[in-house]
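*Asks:* Sequence:
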Amino acid sequence: MNLNQTMWYQAIVFFVLAWFTMKFVWPPLIGAIDDRRKKIADGLSAADQGQAAMKEAEKKVQLELAGAREEGLKQVANAEKRGQLIVEEAKNAANAEAARIIAAAQAEAANQVTKAREELRDQVAALAVKGAEQILKREVNAAAHADLLNQLKTEL
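Position 69 of the sequence shown, counting from 1, maps to 493 under this note's numbering, and the rest follow consecutively.
Bear in mind the hints are in silico, worked out from the structure with no lab data behind them.
Please note that the accuracy of each hint is not assured.
[Claimed, not checked] The calculated lysine-lysine pairs, modelled on DSSO-like cross-linking and capped at a C-alpha distance of 30 Å, are: (1) Lys-505 - Lys-479; (2) Lys-484 - Lys-498; (3) Lys-515 - Lys-505; (4) Lys-515 - Lys-539.
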């Protein structure tokens, strides 16, 4: 074999190999590359959509948080107002109870003063009778002179 024949064989083998590669090898490789390129493009698109959705979700979360903070502040303010009302009601109830207790104590004191006056009148009347007994040197009958003693009590 000479050099020309080998070159022709090599050229034929090269063209057969090139034709075989173009017919059977390149289409699946190009298809796989195109599929991979499409998957990458879809993944990037999905990532962009995910980032946009995440930003939108963050905005919604911030709005919800602001609303929740505002609602919490309102509830705290309402609780403080209610607490103040409860304190005021308790003060009013305590003042009313104190006034009732003072009135009851004043009434009791007035009753005791009246009782003490009555006892004092009785004691003064008894002393007056004893004094009169001493003066008259005889026993004065308290039952017989009850009208006189009652008149004496009222004058005291």
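*Asks:* Each hint should be assessed against the structure and marked as holding or not.
*Replies:* Results for each hint:
1. Lys-505 - Lys-479: Not satisfied, since the Cα-Cα distance of roughly 39 Å exceeds 30 Å.
2. Lys-484 - Lys-498: Given that 30 Å is the threshold and the Cα spacing comes to 21 Å, the pair holds.
3. Lys-515 - Lys-505: Holds, because 15 Å separates the two Cα atoms, which is no more than 30 Å.
4. Lys-515 - Lys-539: Roughly 35 Å between the alpha carbons, so the hint for Lys-515 and Lys-539 is violated.
Hint check: violations occur at hints 1, 4; the rest are consistent with the structure.
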